[in-house]
Structure formats: C-alpha cells, structure tokens
Amino acid sequence: MSIYFELFVNFGIPLLVLMVAYFVGNAIEKKHFREIRAREEKVHGFPVISFATLPPDWRVGSAELVTGSVVVSLDYFKRIIAGLRGLIGGRVKTYEPLLDRARREAVLRMTEDAKARGYDAVINVRLETSRLANARKDGRGTAGVEMLAFGTAITLT
Amino acid sequence: MKFIARKPREGINVSDVHPLTEAGTLVFGLSVIFAAIVLVLVFFVDLVLTFVSSETEVRIFSTWIPDDLISTEADDVRESETRALVERLARHWPDSPYKFRLEVSASETPNAMALPGGLIIVTTALLDRVGTENELAFVLGHEFGHFRNRDHIRQLGRGVALGILFAALRFSKGGGSFGIGIADLTMRGFSRKQESDADSFGLEIVYAEYGHVDESWRFFDRMIRDDYGNSDLVTYFSTHPSGGDRIENLKFHARQHGWPLTGPTTPLTW
Amino acid sequence: MSPESRYPIILSNTETIPGKQIAEFYGLVTGNTVRAKHIGRDIMAGFKNIVGGELKGYTELLQDSRREATERMVEQAQSMGANAVVNVRYATSSIAQGAAELFAYGTAVRVA
Numbered sequence: 001m002s003i004y005f006e007l008f009v010n011f012g013i014p015l016l017v018l019m020v021a022y023f024v025g026n027a028i029e030k031k032h033f034r035e036i037r038a039r040e041e042k043v044h045g046f047p048v049i050s051f052a053t054l055p056p057d058w059r060v061g062s063a064e065l066v067t068g069s070v071v072v073s074l075d076y077f078k079r080i081i082a083g084l085r086g087l088i089g090g091r092v093k094t095y096e097p098l099l100d101r102a103r104r105e106a107v108l109r110m111t112e113d114a115k116a117r118g119y120d121a122v123i124n125v126r127l128e129t130s131r132l133a134n135a136r137k138d139g140r141g142t143a144g145v146e147m148l149a150f151g152t153a154i155t156l157t
Numbered sequence: 001m002k003f004i005a006r007k008p009r010e011g012i013n014v015s016d017v018h019p020l021t022e023a024g025t026l027v028f029g030l031s032v033i034f035a036a037i038v039l040v041l042v043f044f045v046d047l048v049l050t051f052v053s054s055e056t057e058v059r060i061f062s063t064w065i066p067d068d069l070i071s072t073e074a075d076d077v078r079e080s081e082t083r084a085l086v087e088r089l090a091r092h093w094p095d096s097p098y099k100f101r102l103e104v105s106a107s108e109t110p111n112a113m114a115l116p117g118g119l120i121i122v123t124t125a126l127l128d129r130v131g132t133e134n135e136l137a138f139v140l141g142h143e144f145g146h147f148r149n150r151d152h153i154r155q156l157g158r159g160v161a162l163g164i165l166f167a168a169l170r171f172s173k174g175g176g177s178f179g180i181g182i183a184d185l186t187m188r189g190f191s192r193k194q195e196s197d198a199d200s201f202g203l204e205i206v207y208a209e210y211g212h213v214d215e216s217w218r219f220f221d222r223m224i225r226d227d228y229g230n231s232d233l234v235t236y237f238s239t240h241p242s243g244g245d246r247i248e249n250l251k252f253h254a255r256q257h258g259w260p261l262t263g264p265t266t267p268l269t270w
Numbered sequence: 001m002s003p004e005s006r007y008p009i010i011l012s013n014t015e016t017i018p019g020k021q022i023a024e025f026y027g028l029v030t031g032n033t034v035r036a037k038h039i040g041r042d043i044m045a046g047f048k049n050i051v052g053g054e055l056k057g058y059t060e061l062l063q064d065s066r067r068e069a070t071e072r073m074v075e076q077a078q079s080m081g082a083n084a085v086v087n088v089r090y091a092t093s094s095i096a097q098g099a100a101e102l103f104a105y106g107t108a109v110r111v112a
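Protein chains in written order, with our numbering: chain A, 1 to 157; chain B, 1 to 270; chain C, 1 to 112.
What the hints contain is simulated information worked out from the structure, not anything from laboratory work.
Careful, some of the hints might be misleading.
To be verified - Below, in silico cross-link-like pairs of lysine to aspartate or glutamate (DMTMM-like), each with a Cα-Cα straight-line distance of 20 Å or less: (1) B:K7 with A:E64; (2) B:K2 with A:D57; (3) B:K7 with A:E41; (4) B:K7 with C:D64; (5) C:K20 with A:D57; (6) B:K7 with A:D57; (7) B:K2 with C:E15; (8) B:K7 with B:E22.
Unchecked claim - With beta-carbon atoms standing in for the labels, derived distance ranges: (9) C:K56 with B:F28: 55 to 65 Å; (10) A:I28 with B:V160: 14 to 24 Å; (11) B:G163 with C:S79: 37 to 47 Å; (12) B:V17 with A:K42: 44 to 54 Å; (13) B:V17 with A:R37: 13 to 23 Å; (14) B:D46 with C:S79: 51 to 61 Å.
These figures come from a predicted structure and were not determined experimentally.
C-beta: ideal position from N, C-alpha, C; glycine also.
Please model the entire structure based on the sequences and the hints provided.
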C-alpha cells in the first residue's frame with residue numbers, strides 16, 4: 001500500500017476531523033450563546049434566587065419543585081487542547097465556555113418552565129454538576145457533563 | 001427588602017483567550033518541553049555509558065542471544081558463508097574490543113542488527129535479497145560502525161530512558177500521546193545521525209577489504225525500489241536517513257577519501 | 001474593631017447576613033473555573049498515596065481554584081451593584097479525566 005495513503009489515514013483524517021470539529025464546534029457555541037442571551041432577556045425580571053427568606057410583603061400562593069437540566073459535550077478540537085493542558089496543569093480555558101453556557105441553559109430551562117406554568121419566582125435554587133462516564137472506555141472517558149438546576153417555584157398573591 | 005432584576009456582566013466566567021491561541025501556545029510549549037526532556041535523557045545516557053567500558057560489556061554479554069531469535073537450520077550455507085565474511089572483515093578493525101558473533105534469524109523483513117556483546121543478527125530476508133558479497137559486506141561493515149560508536153548499547157539505554165518517560169506520560173491520557181510523539185520524533189533525529197556515522201565506517205571497512213566501494217549502496221537502492229517512498233515527510237518520520245540521500249552521502253564520502261566508486265565485484269557462493 | 005475581610009463584599013452561607021438587613025436582592029450569581037493538575041503533581045501524589053496523609057499539592061491547587069471561582073462570583077455580584085452575596089454554596093466536580101470544576105454560587109443582595 002502506498003505510503004501516502006498511510007500518511008493520509010494516520011495524519012490527514014484526524015487533522016481533517018480536528019478542523020471540522022473546530023469550525024462546527026465554534027459555530028454551535030456562538031449560536032448557543034446568542035440564543036441564551038436572547039432567552040435570558042425574555043425571562044429578565046423573573047426572580048431566581050438561592051435563598052428562601054422572602055420579603056415580608058410577598059404572600060405565597062402555591063409552591064412546587066422545578067428542575068432544568070442539560071447534558072453537553074466538548075467538541076473534539078477543544079477536548080484535544082484540554083488533554084494537552086492536562087500535561088502541564090493550570091486553567092483549562094477551553095472548558096469554561098462549555099460549562100458557562102450549560103449552566104445558564106439549565107437555569108433557563110428551569111426558569112422558563114416555572115414561568116410557562118404560571119409561577120412568579122423560583123427560590124432556594126441549587127445547582128449540580130456531574131460527569132457522565134463513557135462506557136466504551138471502561139468509564140474512564142467523558143461522555144458529557146450534566147448541569148442540573150432545581151428550586152422551588154412559587155406564586156405570589 | 002425588595003427584588004430588583006439585574007443581570008451580571010457577560011463573560012466573567014469565561015477566560016478571554018481564543019482557543020486557537022491556547023492550542024498554539026500548548027503545542028509549541030509542550031514540543032519544546034518534551035524535546036528538552038529527550039535531550040537531557042540522551043545526555044544522561046551518554047554520560048552513564050562512559051562508565052561502562054566495552055570490555056565490561058563484552059564480559060557480561062559474551063554468550064548472550066535474544067530469547068525470541070528464530071534460528072535457521074544448522075547447515076545453512078548462507079550462515080556459514082556470512083560468518084566467514086564477518087571474520088574477514090573484522091581483520092580490518094584490529095583493535096576492536098569485540099569478538100563478533102553472527103546469527104541468522106528467520107524473518108520476512110530484510111534487516112540487520114547490532115546487539116550487546118558483539119552479536120550481529122541478519123535476517124534470512126536480507127540474505128535472500130543481497131546480490132553480491134560486496135553488498136552484504138557493507139551491511140556488516142555498517143553494523144561494525146554501530147559497535148565502534150557503541151550505538152547498540154546507547155540504543156538500549158535510550159530505550160530504557162524513553163520507556164520510563166512514556167510510562168509516566170501514559171498517566172495522562174490524550175495529552176500523553178502527544179508528548180510521546182514529540183519525544184519519539186526528537187529521538188529519531190539522534191538515530192539518523194548514528195546511521196550516517198555507521199555508514200561511513202562501513203564504507204571504510206569495505207574499501208579496506210576490496211580496494212573499492214562499488215555495490216555498497218545497492219541494498220538501499222533495493223529498499224527504495226521495493227517499497228519505501230522517498231518524500232521529505234517520510235524521511236522525517238523514519239529512524240534512518242532516506243535511501244536516496246543516503247546513497248548520495250555514501251558516494252560523496254567515498255569521493256572525499258579518494259576511494260574508487262567502481263571495481264570488480266565478488267559474487268555470492270549461494 | 002472589624003476583622004479584615006478577604007473579599008471586597010460580604011459573603012455568607014446563611015440566608016441573611018447576621019446583624020444586617022437585606023434591602024434589595026438582584027438574582028443568582030455564579031463563579032467557576034476548570035483546572036487540570038500537572039503530571040508532576042500526579043506522580044508525587046501517586047507516591048504519597050502509598051503512605052496516605054495530606055496531598056499538599058492537591059490541597060493548594062483546589063484552594064487556589066476555589067478562590068478564583070469565588071472571585072468570579074464576587075465580580076458578577078459587583079457588576080450588578082450588590083454589596084453582599086448570601087447563601088453561598090460550593091460544588092466540586094470532576095468533568096473529565098484529570099480536570100475538575102470548582103464552582104461557587106449565591107444570591108447577590110444589597111445589605112444595609
């Protein structure tokens with residue numbers, strides 16, 4: 001078999017995947033951030049807070065648990081960079097946008113759900129993060145990260 | 001106590017670094033770091049080597065033969081003839097600390113190896129392919145060159161050092177293989193230098209035996225025509241200098257010393 | 001005499017700041033950072049693991065990262081005009097092989 005073909009398989013294809021991952025991943029991230037900002041604008045003014053002490057003038061009608069969650073995964077390009085970063089340590093910068101947008105997405109889903117169902121605020125919000133292990137690699141790889149937001153939705157009378 | 005809707009400033013939880021900048025910095029930085037680690041390892045191994053004399057090496061390895069060697073039949077004429085050739089060629093290196101031993105290994109890949117204790121291994125595939133005694137003599141002379149420069153034992157030391165480094169790198173997935181790749185490429189640079197040096201010595205031996213260096217490059221010629229490509233990229237990824245360059249270097253070296261490039265060749269007896 | 005505070009605004013993990021009144025509250029603030037430990041630390045920790053005890057390298061790394069997450073949360077609160085964050089919670093999670101996220105969140109408020 002030609003050596004060029006071998007080179008292409010060994011280096012060309014991964015490089016190609018890397019480039020596609022970079023451009024597509026970037027586009028998806030930009031789009032998601034734009035979307036998040038627009039949706040956050042829509043629910044702006046809806047109280048979402050992490051404590052349960054309410055202003056004395058708030059009269060609570062009903063309350064219910066609401067949740068919002070999302071599982072996201074990093075694109076191949078950024079994962080590779082994160083892997084390189086793992087050799088020397090330090091801030092894994094490529095992961096930050098992913099976690100930021102995932103967390104905002106989870107909070108948004110919770111808020112949108114509460115708002116759509118007629119509630120007026122979400123109190124005592126808690127945020128959780130968990131890694132989903134990749135079964136194919138004996139659970140050592142990362143299949144994705146789940147962000148969960150939950151709190152108590154209340155109506156005010 | 002009243003609620004006032006406000007939003008935090010955008011981008012506080014995200015570092016303002018472009019992913020490509022991050023990638024570039026990491027790739028460049030890590031390449032430099034791993035190349036430096038390999039340089040230190042190579043230096044360290046060479047340093048240790050100065051404490052192990054060839055005499056000590058011969059004492060330890062004088063009867064050693066690798067366990068996985070697949071020997072040929074005892075009455076193989078190729079083996080006895082090649083042994084005789086090694087004896088003759090060794091006369092041109094009188095102050096060699098080694099008493100050379102030759103073993104033929106049954107293998108599909110044409111190859112020759114220099115191993116600790118003066119052991120030379122050639123594969124059956126190599127013996128099947130060579131066309132003249134001169135061609136074979138150069139291959140053996142080249143291995144003599146490795147012994148003279150102590151590459152065989154150096155290679156062993158580097159192998160152990162790299163093995164430890166690689167084991168450490170496997171700790172961290174993903175990035176580890178990048179480190180291994182860079183370390184490997186750097187090491188290959190050193191190997192190429194060793195091969196050229198061994199070539200020069202091989203040529204010297206061949207000239208001393210035959211009075212000319214004709215056919216010395218035939219084996220590389222064969223390798224090029226057989227399977228290997230000859231692009232710069234392939235050169236970079238290989239431990240040996242590329243065939244074409246190597247032949248040119250050999251001829252250049254011979255001309256410099258005034259050794260004739262052509263002369264009567266000796267046919268093989270098998 | 002007031003003790004010296006580490007952050008420019010008041011942080012508390014209780015619902016209110018004891019001794020103060022919440023005048024206004026603005027909403028959720030978060031701060032996060034993702035850190036990887038370097039391979040040298042990994043190897044040293046591997047040795048230390050044999051005998052047990054504190055893994056100093058990791059303690060420092062996590063402290064350092066958590067401080068950064070807190071600083072980012074404080075920065076968000078300040079950008080909203082808050083002078084305190086109440087009900088602060090911390091979370092640490094491993095998000096990939098060798099990388100951990102340190103995360104802090106709370107509610108930005110103005111106390112008087």
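Status of the hints after comparison with the structure:
{"no.": "1", "hint": "B:K7 with A:E64", "result": "violated, 25 Å"}
{"no.": "2", "hint": "B:K2 with A:D57", "result": "holds, 9 Å"}
{"no.": "3", "hint": "B:K7 with A:E41", "result": "holds, 9 Å"}
{"no.": "4", "hint": "B:K7 with C:D64", "result": "violated, 27 Å"}
{"no.": "5", "hint": "C:K20 with A:D57", "result": "holds, 19 Å"}
{"no.": "6", "hint": "B:K7 with A:D57", "result": "violated, 23 Å"}
{"no.": "7", "hint": "B:K2 with C:E15", "result": "holds, 15 Å"}
{"no.": "8", "hint": "B:K7 with B:E22", "result": "violated, 29 Å"}
{"no.": "9", "hint": "C:K56 with B:F28: 55 to 65 Å", "result": "violated, 31 Å"}
{"no.": "10", "hint": "A:I28 with B:V160: 14 to 24 Å", "result": "violated, 46 Å"}
{"no.": "11", "hint": "B:G163 with C:S79: 37 to 47 Å", "result": "violated, 53 Å"}
{"no.": "12", "hint": "B:V17 with A:K42: 44 to 54 Å", "result": "violated, 30 Å"}
{"no.": "13", "hint": "B:V17 with A:R37: 13 to 23 Å", "result": "holds, 21 Å"}
{"no.": "14", "hint": "B:D46 with C:S79: 51 to 61 Å", "result": "holds, 58 Å"}
In summary, the structure is inconsistent with hints 1, 4, 6, 8, 9, 10, 11 and 12 from the numbered list given earlier, while agreeing with the others.
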